[in-house]
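Taken in sequence, the protein lines are chains A and B. Sequential numbering of the first sequence, starting at 5, is according to this note's numbering. Sequential numbering of the second sequence, starting at 7, is according to this note's numbering.
One or more hints might be untrue.
[Said to hold, decoys possible] Simulated crosslink set (DMTMM-like; lysine to aspartate or glutamate; CA at most 20 Å straight-line):
(1) A/Lys78 <-> A/Glu23
(2) B/Lys134 <-> B/Glu173
(3) B/Lys134 <-> A/Glu25
(4) B/Lys202 <-> B/Glu97
(5) B/Lys83 <-> A/Glu20
(6) B/Lys55 <-> B/Glu67
(7) B/Lys52 <-> B/Asp64
(8) B/Lys76 <-> A/Asp59
(9) A/Lys10 <-> A/Glu86
(10) B/Lys83 <-> A/Asp80
(11) A/Lys78 <-> A/Asp61
(12) B/Lys76 <-> A/Asp80
(13) B/Lys134 <-> B/Asp86
(14) A/Lys73 <-> A/Glu25
(15) B/Lys134 <-> A/Glu20
(16) B/Lys76 <-> A/Asp39
(17) B/Lys76 <-> A/Glu20
(18) A/Lys78 <-> A/Asp59
(19) A/Lys10 <-> A/Asp53
(20) B/Lys83 <-> A/Asp28
(21) B/Lys76 <-> A/Asp61
(22) B/Lys76 <-> A/Glu81
(23) A/Lys78 <-> B/Glu69
(24) A/Lys78 <-> A/Asp39
(25) A/Lys78 <-> A/Glu25
(26) B/Lys76 <-> A/Asp55
(27) A/Lys73 <-> A/Asp62
(28) B/Lys134 <-> A/Glu86
(29) B/Lys134 <-> A/Asp53
(30) A/Lys78 <-> B/Asp77
(31) A/Lys12 <-> A/Glu25
(32) B/Lys83 <-> A/Asp55
These aren't lab readings, by the way, just hints derived from the structure by calculation. If you're wondering where the values come from, they're calculated on a predicted model, not measured in any experiment.
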Amino acid sequence: MTAIEKLKSAFVTALEISEQEVNDSLSYSEHPAWDSTAHMILIAQLEADFDVMIDIDDIIDMSSFNQAKATLLKYDENLSFE
Amino acid sequence: MIVLVTGAYGGIGTAVCHQYLQQGVTLVISGRNSQKLNALHETLAKQYKNPIVSLISDNNEPEQITALFKDIHQTFKRLDVFVHCAGSLYEAPVMMSKYQDIVETIQSNLTSSILLAQQASKLMMRTKFGVITFFSSVVAQQGAQGQSVYAAAKSGLEGLTKSLARELGGMGIRVNAIAPGVIDTPMVAHFSVEQKKQLAEKTVLGRLGSAEEIANVACFLSSPQASYITGQIIAVDGGLVV
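Could you put the whole structure together from the sequences, leaning on the hints where they help?
Okay, here's the thing in structure tokens:
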């Protein structure tokens, strides 16, 4: 599984949405499934799937699918979401 | 089961460690004094065969809290139980309390609890299971002369307990606090026999509590027998507050 597939899968699992809904325009609070509770579940999912510990400031800033890519790249520069 | 105990070398913390080790858990002990932490580790390791990990951490330093949980993440990838025994008693009339003392008391008893719970719950969410147990005090409910600042911090901790229970319950994480009464630990070792007697007489049971009696409740709260208990402040005080 590529990194982008893993990332999409984490969003699908955590937010309980379809894969078609996971795209670059997906944003926190703009999709009804991505509320504060889902955000916590998403962070736990990303941490487990990518084996990282995300800092609180980054958790607060992670407000879109695109931002999630940037955040994860911060923790693992070998990742590629191309 | 992975259990983290902060303030592990304190009177109650040590009793909590023994109780959990008797249950066969993997124990992570934490505290800011490396000598005391190492001494406790040695004592426990002689007595139990369970894995024990010591992690030095000052809960008043946010970056050390982050580092503590990064270590736990790297070593175990999970955390099941977090018992926050660390805290500090501050006694002074409010008119005699310096700003720095007020800030430090709130920091060590309340702010640290919030930061630790942030990190602990993040690890627990992965498995959708976890138990967090804080330590409040009888003074949070009934107040105490000369302990206004301490009581304020502990009252805040009780609000934190109830709110966190609501926030995290849906993710299988239970949050409770124990409110000990007067417990016969090194914290009251400087009290005279007469003072201890007077305190004991204020309880319904007519005696001070032991650290083991507190540890029993901490272990119960994280056991399957307590699986429907969350958001509660459990007084363990011999009937001091009735």
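Tested hints:
For the suggested pair A/Lys78 and A/Glu23, the alpha carbons sit about 24 Å apart, so the restraint of at most 20 Å is broken. Between B/Lys134 and B/Glu173, the direct Cα distance comes to roughly 13 Å. Compliance with the 20 Å bound is thereby established for this hinted pair. For the suggested pair B/Lys134 and A/Glu25, the alpha carbons sit about 25 Å apart, so the restraint of at most 20 Å is broken. For the hint pairing B/Lys202 with B/Glu97, the CA-to-CA distance comes to about 17 Å; that is within 20 Å, so the pair holds.
The hinted pair formed by B/Lys83 and A/Glu20 fails the criterion: a straight-line CA distance of about 24 Å is larger than 20 Å. Among the hinted pairs, B/Lys55 with B/Glu67 is inconsistent with the structure: their alpha-carbon atoms are about 32 Å apart, more than 20 Å. A C-alpha spacing of about 26 Å is found between B/Lys52 and B/Asp64, which places the hinted pair above 20 Å, so the restraint is violated. For the proposed pair B/Lys76 and A/Asp59, the alpha carbon gap of about 10 Å is at most 20 Å, so the pair holds.
Note on A/Lys10 and A/Glu86: the hinted pairing holds, with a Cα-Cα distance of about 13 Å set against a maximum of 20 Å. Taking the CA atoms of B/Lys83 and A/Asp80, the gap is about 17 Å. The hint holds against a cut of 20 Å. Annotation: proposed proximity of A/Lys78 to A/Asp61 holds, straight-line Cα distance about 13 Å (limit 20 Å). A C-alpha spacing of about 15 Å is found between B/Lys76 and A/Asp80, which places the hinted pair at or below 20 Å, so the restraint holds.
Proximity of B/Lys134 to B/Asp86 is assessed by CA-CA distance (about 10 Å); at most 20 Å being required, the pair is judged to hold. With a C-alpha separation of about 16 Å, the suggested pairing of A/Lys73 with A/Glu25 holds against the 20 Å cut-off. Straight-line distance between C-alpha atoms of B/Lys134 and A/Glu20 comes to about 16 Å, which keeps the hinted pair within the 20 Å bound. The suggested pairing of B/Lys76 with A/Asp39 is violated, with an alpha-carbon distance near 26 Å, which exceeds 20 Å.
Straight-line distance between C-alpha atoms of B/Lys76 and A/Glu20 comes to about 28 Å, which puts the hinted pair past the 20 Å bound. A distance of roughly 11 Å separates the Cα atoms of A/Lys78 and A/Asp59; the hinted pair therefore holds under the 20 Å criterion. Simply put, A/Lys10 and A/Asp53 have alpha-carbon atoms about 7 Å apart, close enough for the 20 Å limit, and the pair holds. Taking the CA atoms of B/Lys83 and A/Asp28, the gap is about 30 Å. The hint is violated against a cut of 20 Å.
At most 20 Å may separate the alpha-carbon atoms for a hinted pair to count; B/Lys76 and A/Asp61 meet this at roughly 15 Å. At roughly 18 Å between alpha-carbon atoms, B/Lys76 and A/Glu81 fall within 20 Å of each other, so this suggested pair holds. For the hint linking A/Lys78 to B/Glu69, the alpha-carbon distance of about 18 Å falls within 20 Å, and the restraint holds. Between the alpha carbons of A/Lys78 and A/Asp39 the distance comes to roughly 24 Å, so the proposed pair goes past 20 Å and is violated.
Among the hinted pairs, A/Lys78 with A/Glu25 is inconsistent with the structure: their alpha-carbon atoms are about 25 Å apart, more than 20 Å. Restraint check: the Cα-Cα separation between B/Lys76 and A/Asp55 comes to about 11 Å, which is no more than 20 Å; the hinted pair holds. About 12 Å separates the Cα atoms of A/Lys73 and A/Asp62, which keeps this hinted pair within 20 Å; it holds. Proposed proximity of B/Lys134 and A/Glu86 is contradicted: the alpha carbons are some 31 Å apart, above 20 Å.
A threshold of 20 Å between alpha carbons decides the hint, and for B/Lys134 with A/Asp53 the separation of about 15 Å falls inside it, so the pair holds. Taking the CA atoms of A/Lys78 and B/Asp77, the gap is near 19 Å; set against the 20 Å cutoff, the hint holds. Between A/Lys12 and A/Glu25 the CA atoms are separated by roughly 10 Å; this keeps the pair inside 20 Å, and the hint holds. The hinted pair formed by B/Lys83 and A/Asp55 meets the criterion: a straight-line CA distance of about 8 Å does not exceed 20 Å.
Violated hints, in rising order: 1, 3, 5, 6, 7, 16, 17, 20, 24, 25 and 28; the structure is consistent with all others.
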